[in-house]
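J.: Using the sequences and the hints, build the whole thing.
These protein sequences, in sequence, are chains U and P.
Letter 284 of the first sequence, counting from 1, is numbered 284 in our numbering, and no numbers are missing.
Basically our numbering = 1-based index in the second sequence + 1000.
Derived by calculation from the structure, the hints in this document are not laboratory data.
There is no bait here: all hints are sound.
Simulated restraints, written as ranges between beta carbons of each label pair:
no. : chain 1 : residue 1 : chain 2 : residue 2 : range
1   : P       : 1304      : U       : 164       : 53 to 59 Å
2   : P       : 1130      : U       : 237       : 40 to 46 Å
3   : U       : 269       : P       : 1130      : 51 to 57 Å
Not close to chain P: a few residues of chain U, all C-beta gaps over 10 Å, as computed:
no. : residue
4   : 63
5   : 100
6   : 192
Glycine included, C-beta positions come from ideal geometry on N, C-alpha and C.
Number of protein chains: 2
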Amino acid sequence: MNKNLLSLSIIEKDLNILNYNLQHMVGERHPVLYAAAEHLFSAGGKRIRPALVLLVAKAINNHKIYPSQKRLAEITEIIHTASLVHDDIIDDCSTRRGVITVHNRFNTKIAVLAGDYLFAQSSWYLANLDNLEVVQNISKVISDFAEGEIRQGIILFDPNFSLEEYIEKSFYKTASLIAASCQGSAMLSNSNKNIIRDIYNYGRHLGLAFQIIDDLLDLVGSSYFLGKPSASDLKNGNLTAPILFSLTEEPLILNLIEREFKKKNDINDAVNMINQSGGIAKAKDLAYEHLQAALYCLESIEDSEAKRALQKVAQYTINRLF
Amino acid sequence: MNKNLLSLSIIEKDLNILNYNLQHMVGERHPVLYAAAEHLFSAGGKRIRPALVLLVAKAINNHKIYPSQKRLAEITEIIHTASLVHDDIIDDCSTRRGVITVHNRFNTKIAVLAGDYLFAQSSWYLANLDNLEVVQNISKVISDFAEGEIRQGIILFDPNFSLEEYIEKSFYKTASLIAASCQGSAMLSNSNKNIIRDIYNYGRHLGLAFQIIDDLLDLVGSSYFLGKPSASDLKNGNLTAPILFSLTEEPLILNLIEREFKKKNDINDAVNMINQSGGIAKAKDLAYEHLQAALYCLESIEDSEAKRALQKVAQYTINRLF
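T.: This is the structure:
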């Protein structure tokens, strides 16, 4: 577990079992896939998605976690990993979480297959949860991923991209899986409709905050997670919250976008302009608002150690910025 | 419809609706994906998989096709298309069905996304069939694809690859989807267990025959479908039934495999050796045996126009060789 998540000790055992299972669920029969999977699942991911599934289970069902919820926690991490493997091909990333990516360590073909296999395995395990509503909701998420990526692909370097569209894209890319996983966990506990809705919205707001903060870290850097700011989003033409906020305050940024940051100091200049025009601060405020909204959604849940852990996950999310 | 499939006139209207739906089901909102999808779904595919789903429905349920079976027919073609899009990346094909492939017309990124999106859409539509058993069976198929491709990837140019392994690989790659689609159609008609099993085995044998014949056509060519023999399987080290049969009769082929057909005339020499040592004839026999087995599985089904059409599909399959 990551140092910053020690507060999740109430599910530490469950997460250890999950780590073990993830390495063994995915294709022990195929040396290459196994290498890919081991590589992926042992790379020390933060396991935030499964942690949320397990904590939601405990928080709304008197500290109990059903086997189906443990399985859902595994499924959610498999889906997330599958999307990362394909994302790395799409974005042509050479490392992820400090580890060389599948398509770089092996090749694009293996990465396409490994991602497909992981998506397929998740669909198969999902269907075997024997709960059609959960299957439907999580299946929708996998469409949402591709939809988010496609939106991202077709709006590169487009200064007409609005903040609303950015939020919608972030929902598809990140918040959809987190929201549906939390919701699925509540559904598997047979919670009432209001609880299920609140838990879904907790996941949705948390997921949006995650994405906004990830996008901020790309611009401001973080000693814990990313080292120096890479500004890779700007380089790729992926316009995120901070620059979108800046556009109204500092019209000069428009020129840099239009020439796709091609001149030598364009990226540095853009980062400075975004900072000085308040884009960073406004994006932080937006992330903070979503975290507050996430916490508000938990108010209908009775107090418990698990509920407090769900609150801590939100706190941990914002802490990444400092 | 392909000229050779005119005999399927009893479902011609349904297939026209299916063609229309396929073009509109897949992402009308995204110009790029829509272009990719239109491109794929209008490319005049043979639509054999949906035809089988519709014919099975009619054959076992008094000429009726339920809406869920029409939807399953669409799903089965979406899954097939998704697998083709990713296969073309993996095999680096530049054309398919005479049309330039997605990853060549657009790029690898779009092809990864388009395939993911199609797989995801199929999972979503599948979950909405509201029949968990069908969802489970078809989800398994998607895993089987990746499994088949991985097997194919790790055994290139390996003369120890056995005929049994070839059949198993062909099942994962081709027969699994056809068998599960036929079976799913029977399940949606609430057929009895014996009928469901027979229909599954009809699809399995037909699918295996399909794959063996495809592999034969790669070596012998066909004026209708592929033009001159491309021997692309040999070039890629993908050892199929004809060469596996020849290995025991003509040990010299081993040398060619071991040097990966690198010398100028190796491919021509290999094709001649396969022919002369009876590899082609034996592979034809194997395909024929599977077609006979497929026909045998239909014996428990009452005679009808739809049943005769299912028999004709098997006949059509073997006709591709002549």
